[in-house]
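*Asks:* Residues per chain are reported as follows:
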Amino acid sequence: MTRIGKNTLAEANDALTYPLVTSGRRYYGFVGLLLAVVSIGVYAYATQLTEGLVVTGLRSQVMWGIYVTNFVFFIGISHAGTLISAILRVTNTEWRRPITRMAEAITVLALIFGGSFIIFDLGRPDRIQNMLLYGRLDSPLIWDLISITTYLTGSILYLYLPLIPDIADLRDNLTDTSRFKRWLYTKLSMGWRGTATQKARLEKGIKIMAVIIIPIAVSVHTVVSWVFSMTLRPGWHSTIFGPYFVVGAIFSGIASIIIAMVVFRKIYRLEAYLTLQHFKYLGYMMLTLNIAYIYFTISEFFTSYYGGKPAEMMLLNSLFTGIYAPEFWTFITAGLIIPAFLIGIPQTRTIFGITLAAIFVNIGMWYKRFVIVVPALARPSMPGGEWATYTPTWVEVSITAASVAGFILLFTLFTKVFPIISMWEVREGLEKPTRSENHKVETDAREVGVRSHAADQRSTKSVEDPS
Amino acid sequence: MSICKLSTIISLLLLLAALLFPISSPLRDHGSEIKPFASLSVLEAHGQVSDTKFFVIVVSSNGFNGTDSFDLAITVNEGDRVQITFMMDEKDRKNVNLINRHIIEITGYAIQTEEISPSNPEATLVFLADKIGDFTIRCSSETWDCPGHRLMQDGRLTVKAKEASSPPEEKIPDAFVPFVEDSDVVIDGEVGDDEYSSTFQDSITKMTVYWEHNGTHLYVSVVSQGAGWISIGFGYQEGGMDGANIIIGYVDDKTGDTILSDSVGVEWKHYPDTDRGGQDNIISKAGSQQNGTTVIEFVFPLDSGDANDHKFEVGRTYGFILAYHPDADNLLEYHASRSDSLSVYIGIEGEAPPENRVEQPDEKLLKTNLELYVFTLCPPDCPVTLMVTLTDVERRPLVGMPVAFYFNTTFGTFKIGSSYTDSRGIASLNYSIMMRNTLEGTASFPGGGGYEASTAHIIKQLPTVTAESTFPAPTAKNVASGLAVIAILSVWGTYLFVIRQIRDISREERDFGASSSDRSLDG
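Sequence order for the protein chains is A and B.
Just so you know, we're using our numbering here: the first sequence kicks off at 1 and counts up by one.
Just so you know, we're using our numbering here: the second sequence kicks off at 1001 and counts up by one.
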């Protein structure tokens, strides 16, 4: 049996398939709770469909409220995944192995739920067909539709490809499970037997997807930002919105992975695979993006302030000291300042500290999306006009809560059907000789070489000197 | 981005051009700009002068009123004084070609305009309609080679014989507020049996109103089937919420206090009178809330003297509306249910509540006639001018009347502004619109001053973009679109390639399975 470090391949297999075969009472209770929250959301949406958008806080002036805030937030989280996983894969980063699956699953689910918020925001969702029938390529909304659809398709492929060997493994070894699962594993494993040709094809597919998914992910959040910045509305019309949104998306995406990691690490007992080192590496990435986001934020607001256009100043005043100051300063404090300190100070750079920073980042970044969407709409656009008031109703709050619950629910169910850590990639990592072992092998080889050289010399000498 | 920038530059250039070369726009008050009426002598030739009926007709290379399919039909009565102003389309005014001129004539009356050209873009015919029958309005053969000549041959003027006017249709008010010299009403938040002399229940909101007046004050109680806010608004008949004197409030769920506000409706919003330079004129108020029912009671002066309130006169009919929210006390929450625009008659002393009492003759609203026109100064992305003429049934202009303008969009009706009619009954509005293809507009006169509300609609095909006006956007746009399509197709092509890899993985297994079974058969 191969033993490298403190994990063996058998131990790894057992640990990683453990969540698939055990489901306790607490698991069913948790799923029941999530289903209850989802049910409330379904009821709220039924109310909205029946009564119209009048049951929400949305009106003609603020027509994008927390639905669009959630849309941008979820699309941001989706960058967690595929983009980060792809970057780590392309750069052949070894510590990526236990993280990639989680990141890829987050991406697919976040895209599905993010896209749903656009449907929720429609008063007449039955008319969405008009977007396809009569949509114009001039419209950023059409760009959004195309880019998100493309990204979702690519993300599903990118999640599925590395899953194939693991599904085949489960097909062969997880025989004591339900018929449905056995059927599912047989179908989805695509007849994988791990032959050299199959491996070559799989690796080719993964490599291609890893390369292509990076520009797609960047383009998606750029296009999301263009939905705002292509308008001439003060607060939205900005040339840096593209990179600003992309950096913000990866920032909140990493935070989401960290939260998912700490949860599964605890519940599924994956401490041996998701170590402090993984959290620290992701923490460093998050800190880097945190600093980049601070830079973009200062650049965005300072240029608006320096220009001093009345409409821009009206908006800035509402954010800094006005009616939206609580949301704005929550973003600054929770989203930017606290996480920077928590990760920057060595004493708080623990798993707890990094997780706390990630939670703060997600709270702060949600508020950031809120202060992008709502104040720019609420600002009066006509001389003598008044600020519109916007308060989300129970319908919007319920649908938001249900979507978050649905996201967690599907993620939980996913981990009960598929391994949340890529088994074959971890095995591959374990089988690969570490640097110290390489050194040992090389040293042994050298020693063997020296010995054989000495032996050769001895034999030569004996030939030369028959005595 | 480039389209936005280009349209901004074009708009700025047009603005500059407009400043440097001011052109006569139908927007402006033409009082000081109208050319001397060359045909006024026609009027004198026909003798007797009565009330004037005004018409405005746009003359363009596309025909009358900008479309060859427009069926120009003007109907007047015998004896009417008719004034028709012909205006050259704004677009055509830029065409300085010598043949770009028109002379419009009316057959049978043997009158015609002076030559209409870019240098003289307006001409008016004024005459007495003393001949009965159908007559043709057409472009004269003197200008046979003018642009659109063939499209301007079939306008019709109909002069109808005078008819004895039929008696106006009488309308019964929806509700009645009786006069009571000594009111028994106690403002305590509860409605006792026979406390009020009259009651009204709305069929839509199921709200009930109890009321009476003593010649100086109005005693009102409003009951809703909800625990949220509740309101009643008084205003002009069919006036809706705009301009209404709204009493709105609620009974606090926790403290039981009754909060009532004397407010005024502005379009579809309401503001406390105190925010609009007025004062709260509610004299007494009370309310209660139990078993899902809310009651508010108040006393209000018939004539508060506040500019935000209506002066109620006995013997007249006013409009009123009702609305409530089932659970929200927040007055900014949108109503859950509201009534139609209802009418209420303020009774005279000694007048019993009639079962079939009819409207007083002096209260009868006169019908109005609203016509809407759309002018475009240039191709898309430029200002659009909406213009209406508001007249009574006799085509006499209504002066100083408010008219609201709307665009009908996919997402509903969008109000773009309002304006007041001038001395010719014309109101207009300029609007810069990033819109192509078809424009659907609506103008609405809310009524008032003894006149009925009226609405006019128009659907107009806007000019298409010309090559000169969009250069070089199409090229840049095509290149950008092409690159985007190539990128998207490349990505999806790559997806297909990856899917093929998956298929090949599966196929290898099938091949392997087949060869295994072959081997076993051979064995």
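Heads up, some of the hints might be wrong.
[As the list claims (entries may be wrong)] Here are the simulated lysine to aspartate or glutamate pairs, EDC-like style, with alpha carbons at most 20 Å apart:
hint: 1; chain 1: B; residue 1: Lys-1477; chain 2: A; residue 2: Glu-425
hint: 2; chain 1: A; residue 1: Lys-207; chain 2: B; residue 2: Glu-1115
hint: 3; chain 1: B; residue 1: Lys-1415; chain 2: A; residue 2: Glu-386
hint: 4; chain 1: B; residue 1: Lys-1091; chain 2: B; residue 2: Glu-1115
hint: 5; chain 1: B; residue 1: Lys-1206; chain 2: A; residue 2: Glu-51
hint: 6; chain 1: A; residue 1: Lys-199; chain 2: B; residue 2: Glu-1115
hint: 7; chain 1: B; residue 1: Lys-1269; chain 2: A; residue 2: Asp-138
[What the hints assert, rightly or not] Residues from chain A shown here face chain B by an in silico Cβ test under 8 Å; the list is partial:
hint: 8; residue: Leu-152
hint: 9; residue: Thr-153
hint: 10; residue: Gly-154
hint: 11; residue: Leu-157
hint: 12; residue: Trp-192
hint: 13; residue: Thr-195
hint: 14; residue: Ala-196
hint: 15; residue: Arg-201
hint: 16; residue: Ile-208
hint: 17; residue: Met-209
hint: 18; residue: Ile-214
hint: 19; residue: Val-218
hint: 20; residue: Thr-222
Worth flagging that the hints you see were computed from the coordinates, not collected in a lab.
Being a predicted model, the structure only gives us computed values, none of them experimental.
Note that the Cβ used here is the ideal one computed from N, Cα and C, for glycine as well.
*Asks:* All the hints need checking, so say for each whether the structure fits it.
*Replies:* To see whether the hints hold, each was checked on the structure:
no.	hint	result
1	B:Lys-1477 / A:Glu-425	violated, 46 Å
2	A:Lys-207 / B:Glu-1115	violated, 77 Å
3	B:Lys-1415 / A:Glu-386	holds, 17 Å
4	B:Lys-1091 / B:Glu-1115	holds, 18 Å
5	B:Lys-1206 / A:Glu-51	holds, 19 Å
6	A:Lys-199 / B:Glu-1115	violated, 87 Å
7	B:Lys-1269 / A:Asp-138	violated, 35 Å
8	Leu-152	violated, 11 Å
9	Thr-153	holds, 6 Å
10	Gly-154	holds, 6 Å
11	Leu-157	holds, 6 Å
12	Trp-192	holds, 6 Å
13	Thr-195	holds, 7 Å
14	Ala-196	violated, 10 Å
15	Arg-201	holds, 5 Å
16	Ile-208	holds, 6 Å
17	Met-209	holds, 6 Å
18	Ile-214	violated, 12 Å
19	Val-218	violated, 12 Å
20	Thr-222	violated, 13 Å
Hint violations for this structure: numbers 1, 2, 6, 7, 8, 14, 18, 19 and 20, all remaining hints satisfied.
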